[in-house]
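Chains X and D, in that order, are what the protein sequence lines are.
Numbering-wise (this note's numbering), the first sequence opens with residue 1 and increments by one.
Numbering-wise (this note's numbering), the second sequence opens with residue 1 and increments by one.
Source of the hints: derived by calculation from the structure; they are not laboratory data.
Keep in mind it's a predicted model, so treat the numbers as computed, not measured.
Backbone N, C-alpha and C fix where the C-beta goes; we use that ideal spot for every residue, glycine too.
Hints should not be assumed to be uniformly reliable.
Residues of chain D placed beyond 12 Å of chain X at every Cβ, according to the derived structure [unchecked claim]:
#1 L15
#2 H18
#3 A33
#4 D70
#5 E176
#6 V226
Restraint ranges, calculated between C-beta atoms of paired labels, are given here [said to hold, decoys possible]:
#7 D/T12 to X/V150: 26 to 32 Å
#8 X/E278 to D/H257: 45 to 51 Å
#9 X/E278 to D/T12: 52 to 58 Å
#10 X/A160 to D/L58: 40 to 46 Å
#11 D/F88 to X/R123: 50 to 56 Å
#12 X/L230 to D/W166: 49 to 55 Å
#13 D/Y73 to X/P239: 57 to 63 Å
#14 D/N305 to X/A160: 16 to 22 Å
#15 D/G19 to X/A185: 42 to 48 Å
Residues of chain D clear of chain X, computed beta-carbon distances all greater than 10 Å [unchecked claim]:
#16 V50
#17 P60
#18 S64
#19 L87
#20 P92
#21 C155
#22 M172
#23 L205
#24 G225
#25 L228
#26 A238
#27 G243
#28 W311
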Amino acid sequence: MKYLERRVVHGMLLLIAVSILCFLFADLAPGSFFDEMKLNPQISSETVAALRSQYGLDQPLPVRYGRWVKSVLRGDLGYSFAYNTPVRSLLVIRARNTLLLTTSATLVAWLIAIPLGVWIASRSGGWEERLAMAGTSFFLSVPELVVALVLLYWVVRTHALPAGGMMSVDFDDLGAWAKLCDLAAHFVVPVTVLVLASLPILIRHVRASMVEVLGAQFIQAARGHGIGRLRILFHYALPVAANPLISLFGLSLAGLLSSSLLVEVVMGWPGLGPLLLEASISRDVYVVVGAVMASTLFMILGGILADVMLVVVDPRVRVE
Amino acid sequence: MASRRKIIVAVTFLLSLHGAILLAGFVAPQDPAAQNRDFPFVPPTRLHFVGAGGRIHLRPFVYSWVARPDGLYQYEESREHEFPVHLFVPGPRYQIAGVFTSHTHLFGVERPAQLFLAGTDNYGRDQFSRILFGGQISLAAGLLATAISLFLGLCMGCVSGFYGKWMDESAMRLAELFLVLPWLYLLLAVRSFLPLHVSSGQTFLLLVAVIGTVGWARPARLIRGVVLSSRSRKYVLASRGFGASNAYILRRHVLPHTYGILLTQAALLVPQYVIAEVTLSFFGLGLSEPMPSWGSLLASLQQYNVLVSYWWMFAPAIALVLVTIGYLSVANAFHQQLQSDSI
Chain X
1 MKYLERRVVH GMLLLIAVSI LCFLFADLAP GSFFDEMKLN PQISSETVAA
51 LRSQYGLDQP LPVRYGRWVK SVLRGDLGYS FAYNTPVRSL LVIRARNTLL
101 LTTSATLVAW LIAIPLGVWI ASRSGGWEER LAMAGTSFFL SVPELVVALV
151 LLYWVVRTHA LPAGGMMSVD FDDLGAWAKL CDLAAHFVVP VTVLVLASLP
201 ILIRHVRASM VEVLGAQFIQ AARGHGIGRL RILFHYALPV AANPLISLFG
251 LSLAGLLSSS LLVEVVMGWP GLGPLLLEAS ISRDVYVVVG AVMASTLFMI
301 LGGILADVML VVVDPRVRVE
Chain D
1 MASRRKIIVA VTFLLSLHGA ILLAGFVAPQ DPAAQNRDFP FVPPTRLHFV
51 GAGGRIHLRP FVYSWVARPD GLYQYEESRE HEFPVHLFVP GPRYQIAGVF
101 TSHTHLFGVE RPAQLFLAGT DNYGRDQFSR ILFGGQISLA AGLLATAISL
151 FLGLCMGCVS GFYGKWMDES AMRLAELFLV LPWLYLLLAV RSFLPLHVSS
201 GQTFLLLVAV IGTVGWARPA RLIRGVVLSS RSRKYVLASR GFGASNAYIL
251 RRHVLPHTYG ILLTQAALLV PQYVIAEVTL SFFGLGLSEP MPSWGSLLAS
301 LQQYNVLVSY WWMFAPAIAL VLVTIGYLSV ANAFHQQLQS DSI
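All chains should be built: construct the whole structure from the sequences, respecting the hints.
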């Protein structure tokens, strides 16, 4: 438990460091949200200056950072210039949607990767392995953007599934069951893209660590005792091979969040991605910082979750 | 030895891709900026081998496209004339690497027929030529950004691995900061703080700098590991005993060990950075019209009608996938070679 405490403190420090880094970058950058207004002859330069001072943009960096920290402690997370509301009201729902998308994609990807990887490992040296290797290297080489566009093309052409967005226009009028179906239908395409993007790496790692374990002597002993193949694979070998896979789970989150951003933008999923993209174009600094902080928070939480799972699964880690 | 052969195959594939893109002016049958306003969204020209009357030609020929009167952007082949494809034909002027000027193109057809191997876009510009010229920009962005990343990574890795102590500590903490952030979020955040409305040349440099700087952490960590292990070798101790300076040891005994990692990392980073450029340009934060890059070419797919009706607008994606496959197989082969060397 002490280890967990240390991880949490470390995560907090990391968050603080990321926020400072964001502010430093933002300070180095020339111009601000209100620069576009200066081009507008209808708006006087006094108005722009007044707006700047109203939002505290004329203050030095430490003061701005202090104000932002205060606003974070109050739960507002800063103020959006473009939407004219506290950032939190924008961020919470978006973050929830991103989280929904990424967690379901992670679940599906692992549910496919583990049995498939174990099966390929059990057929080591056969044509199945070669096929899997060729398949995974192909999918490794296809960028998520291309996967997303091709799937979008297919969906738009065939009208098989809703393309884009998270719910239909008439969502509010539907019954509870229809609502669920509608959500599920909207999930399919973005989740498929994310799964296709993360699957090759997962399968390769599951296979590699299983192959290593299957060569161990205790497996041979188990085989000698006449224990069934499936029981050996999933009951004896998989728990031993799980250790590096759990670490991989924590590490793969960064890639997943990045792919998710892309998919969200392409598919119009109302998550953090479109919000961040819009905010970057309009230079809505506090929204950018908020979105980056949210993604960092997800990463850190994922890392801590992986550590907790490691403690649960592997007794050796507990003793240390 | 098998891995050596793999390296040769992969590198040859990659070199020919780069060669075609470098010599874009020569390989491309058309000027990438030339507009054919009469032929927007023409489908790819079909190469025929069987002529009128069932005669089989060894030299492929094409028919010219004519707009169908009944529909917008609908075309059909006019079967009156056959235009054989010739090698080394004269065409629009082009420059290679800004030095050589020439008229001769690798292949082409006689006017009035035109060769659109990958169709045309909304201004009737030849998509195939634009992919080749766009490849110059996308690949240059990837290569330059990789150079920046590796240079930064090498400096930071050497400093933190070789000098250790607080330098190591602070450099690695900073690296952790960059690694914990999802790269696309980081990229967008950094890009958002930079000016949006600048000339296309400046945008290119800005983009390269941002992509390269954001990715320094991973190579830095790997190089630090190598430096750390080679620093404590006995021959380093011996040369220190002979009075060698730190700079000498770094250059002579430590740096050569990092070459393998540098090469493998380069082969991994280039496609990643090309994809980063494509992604940012696709989002509208990178290069845009009229500068062709694979990202700005793909960006037209954001329009619904283009996505649905004109499948050949996906062609830049194929080029992107080919480059990625090439680089990843080179990285794979390097990695295997490194491992078999170290055993």
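Beyond 10 Å from every chain X Cβ: check whether that's true for D/L205. holds, 15 Å
Check the non-interface label on D/V226: least C-beta distance to chain X beyond 12 Å or not. Its Cβ never comes within 12 Å of chain X, the nearest being 21 Å, so this holds.
May I ask you to test the hint 45 to 51 Å on the CB atoms belonging to X/E278 and D/H257? holds, 46 Å
Decide, holds or violated, for the assertion that all CB atoms of chain X are farther than 12 Å from the CB of D/E176. violated, 7 Å
Is it the case that D/P92 keeps its Cβ farther than 10 Å from each residue Cβ in chain X? Non-interface label stands for D/P92: nearest chain X Cβ at 31 Å, farther than 10 Å.
If we take the beta carbon of D/W311, is the closest beta carbon in chain X still more than 10 Å away? Violated, since 7 Å does not exceed 10 Å.
Take the C-beta atom of D/Y73 and the C-beta atom of X/P239, compute their distance, and say whether it sits inside 57 to 63 Å. holds, 60 Å
Is the Cβ of D/L87 more than 10 Å away from each Cβ in chain X? holds, 31 Å
Would you assess whether D/A238, listed as outside the interface, keeps its beta-carbon beyond 10 Å of every beta-carbon in chain X? The claim holds: D/A238 sits with its nearest Cβ about 38 Å from chain X, beyond 10 Å.
Could you see if the CB distance from X/L230 to D/W166 stays within 49 to 55 Å? For X/L230 and D/W166 the Cβ distance comes to about 54 Å; the hint holds.
Against chain X, does D/A33 keep a CB gap of more than 12 Å to every residue? The claim holds: D/A33 sits with its nearest Cβ about 25 Å from chain X, beyond 12 Å.
Assertion that D/S64 lies farther than 10 Å from chain X (Cβ): D/S64 clear of chain X: closest Cβ-Cβ about 29 Å, beyond 10 Å.
In this structure, the hints that do not hold are numbers 5, 9 and 28, in rising order.
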